[in-house]
Amino acid sequence: MPILSVRDLTFTYPGLTEPTLAGVSFDVERGECLAIFGAAKSTLCLCLAGAIPHLISGRMEGEVIVDGVSTRAVRLPELATKVGMVLQDPENTLFNLTLEGDVVFGMENLGTPREEMTARLEEALALVGLSGLHGRMSQELSGGQKQRASVAAVLAMRPSILILDEPTRELDPLGTEEVFDLLASLKERGTTIVIVENDPDHVAPLADRMLLLREGRLAVLVPPREFYAAVRDDPKIRFPQVTDLYLALQQRAGLEGQIPITLEEGIAILGPLYQPARH
Amino acid sequence: MVPSTSPLAIEAVDLRFAYPSGVEALRGVNLTIRAGEFVGVIGQNGSGKTTLVKHFNGLLKPTRGVLKVLGVDTRTQGVAKLAKLAGYVFQNPDHQIFCNTVREEIAFGPRNTGMPASEIESSLRHVMELLDLQGLEERHPFRLSRGERQRLAIASILAMRPRILILDEPTGGQDRQQVSRLIATLRQLNVEGHTIVLVTHDLELLAECADRALVMFQGKILLDGTPHDVFREVDTLRRTALAPPQITRWSLAVGLPRLFLTVAEAVGAYHGEGPGSGTQ
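Keeping their order, the protein sequence lines are chains A and B.
According to the working numbering, the first sequence is numbered sequentially starting from 1.
According to the working numbering, the second sequence is numbered sequentially starting from 1.
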C-alpha cells in the first residue's frame, strides 16, 4: 500500500474562479523521494501536510490519504505524527531559546511522555548531526545547523512522511550541502521524502521520481533521467549542466542511450567527446 | 573590458568594520572597482560580503579606513545623496517594499531624491518595461509572486537612476526563464554604462554575467580576478566551501586544457573530434 495517496485533488483559493490544483492524482511508496516542480507546488505541499484544508481556507475536493488516513478525517495534531513539513526559512520554526526547546516543542504539544521525549530528542539530534548541542542558543547556530535543527524538530514527531518546500533557499552553499547530506542519509534509512527544490545538482541524485505541475494539473511523473528528457523544452526548469550539455550536443554528436544527470555520469558520457582526435 | 583609465566607481582603502556587538565583519579590505565593471561578490554567510557592499551606498560607514563612491567619501554625505550614486537592492524584497501599489513603490525613491514629476513618470515606465512589470502598476506588492516582488525591488532602486547598482542575491524565487531575463537585463544595464555589483551564492549566475569575481573569506578578499582565473582555484574555493558550476567542475575532471564557465562555452567548443563523429 502506498504511504501517500493523492486522489483527484482539486483546490480553489477564496476569490478565485479557477482552481490552483485541478484533478491531481498520484501515489508515493514508502521510502521513496519525490521532487515536485511547476506552478502550485507549494499549494500541493500544503495539501500533503494537511495545512489545507485545516488552516488555509478555500475549496478542497478529492482526497489526500497519508498512511491510510484521510487528511480531512483527522485533526492537525494527529496529522503531525503522519506528515512533517519543514519550512523554507528555519527562523520560522526556531523560536525557543535553545536547540532542545525547539526540538521538543512539537512533542510537548502532542503530549509525548517525558522519557519518550528525551529518547526522541537524542535520536533526532543524532540523526541531523547536532548531538550534544542541546543547550546551544538557536541564534548561535549557523544557517545549515538551523535548518537541520528544524528537520530534527519535525523528525522528533516521528512522521511517516517528511515534506520540504525549498529547504535551502535561505542557506549558503555550505548549509545547503549539510541539508542534502542529511536528506541522503534519511533516505537511506527509509524515510519517505517529498521535496520542492530547484537546484538540479542536489535534487537529481536524491529524487526517485519527479513530478511536474502545469496549470495545476499533473503533467509529468517519471524518474529524473526521463524527467529531464521529457521537459527539455520547458524554459522554466533548471537542468543539471551536464544534462544541458548532453541535450545540446545530442543531434550533432549522434548521442544515444543514457542521459547524464550527475557530474560523475557527465564525466563518463560526455568526457570522451572532448578528447583530442586520435591519429 | 573596462579601460584602466575609466574613473573609479568604488575605492576601499584598508576598510574595516565592526558591528556594535564587537564582531569584526571587515578586516582590512583594499579594492578598486572602475566605472562600467560588472563584479560578482561571492563567499559564505558571515564572510563579510553583504557588509562590504552595504558600504558602497553608505548604508554602513567604515569603522576604520576609507570608502569612496565615485570619489565621494561616504562619511561626508547623507544617504539621500549617496542613493543617487549607488542603489542597493535588498536580498529579501519584503525588507524593502512597503507601499500599497507597484506604482507608488517605484515612484517613492525618485520622489525622495528630488526627481521632477515628469521625469519620474518616464523613469517609472522605463523600469517597468525593463523588469517586465507592465500592467501591474495598481497591484498591491504583496499580491505579486516572489519573483515579481524581487523584480519590483530592483525596479524601485533603478528608478532613482543610480550609476552603480548593487544587488544582493537577486534570483531568489525565480525560475530559470526569469533568471535568464534578469541576466539579460543586468547585462543591458551594464552596457548602458551602469557599474554592477552582484552578491550571490550562485556561481552559475556569476559565470553567466560578471567580468570579475571577488571571493570574500573571514572579512577579507581572498581571490580577485576574472571568473576563469577564480574558478580555477578549486582548492582555495573548497576551503571557503564554494563550488564552481557543475560544467566547470566537469571540464576540470575531464582534464580539458580550457575551463568552461557556462554550458554555452562548452557547446561552442565542441568540434566533433570525439567518438561518434568519425564518419564526418
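Hints in this document: simulated from the structure, not taken from any laboratory.
Certain hints may be false.
[What the hints assert, rightly or not] FRET-style restraints, in silico, Cβ to Cβ:
hint	chain 1	residue 1	chain 2	residue 2	range
1	B	G272	A	S42	42 to 48 Å
2	B	G71	A	L133	44 to 50 Å
3	B	R75	A	E91	30 to 36 Å
4	B	Q218	A	R59	49 to 55 Å
5	A	S185	B	H271	40 to 46 Å
6	B	A117	A	P205	51 to 57 Å
7	B	R75	A	P276	56 to 62 Å
8	B	L252	A	S185	23 to 29 Å
9	A	P205	B	V191	23 to 29 Å
10	B	D211	A	R72	22 to 28 Å
11	B	K81	A	A219	48 to 54 Å
12	B	E24	A	E91	21 to 27 Å
13	A	P235	B	A117	52 to 58 Å
These numbers come from a predicted model, not from an experiment.
Cβ atoms here follow ideal geometry from the backbone N, Cα and C, with glycine treated the same way.
Do the hints match the structure? See the list:
no., hint, in the structure
1, G272/B to S42/A: 42 to 48 Å, "holds, 44 Å"
2, G71/B to L133/A: 44 to 50 Å, "holds, 49 Å"
3, R75/B to E91/A: 30 to 36 Å, "holds, 33 Å"
4, Q218/B to R59/A: 49 to 55 Å, "holds, 53 Å"
5, S185/A to H271/B: 40 to 46 Å, "holds, 43 Å"
6, A117/B to P205/A: 51 to 57 Å, "holds, 55 Å"
7, R75/B to P276/A: 56 to 62 Å, "holds, 57 Å"
8, L252/B to S185/A: 23 to 29 Å, "holds, 28 Å"
9, P205/A to V191/B: 23 to 29 Å, "violated, 38 Å"
10, D211/B to R72/A: 22 to 28 Å, "violated, 56 Å"
11, K81/B to A219/A: 48 to 54 Å, "holds, 52 Å"
12, E24/B to E91/A: 21 to 27 Å, "holds, 24 Å"
13, P235/A to A117/B: 52 to 58 Å, "violated, 39 Å"
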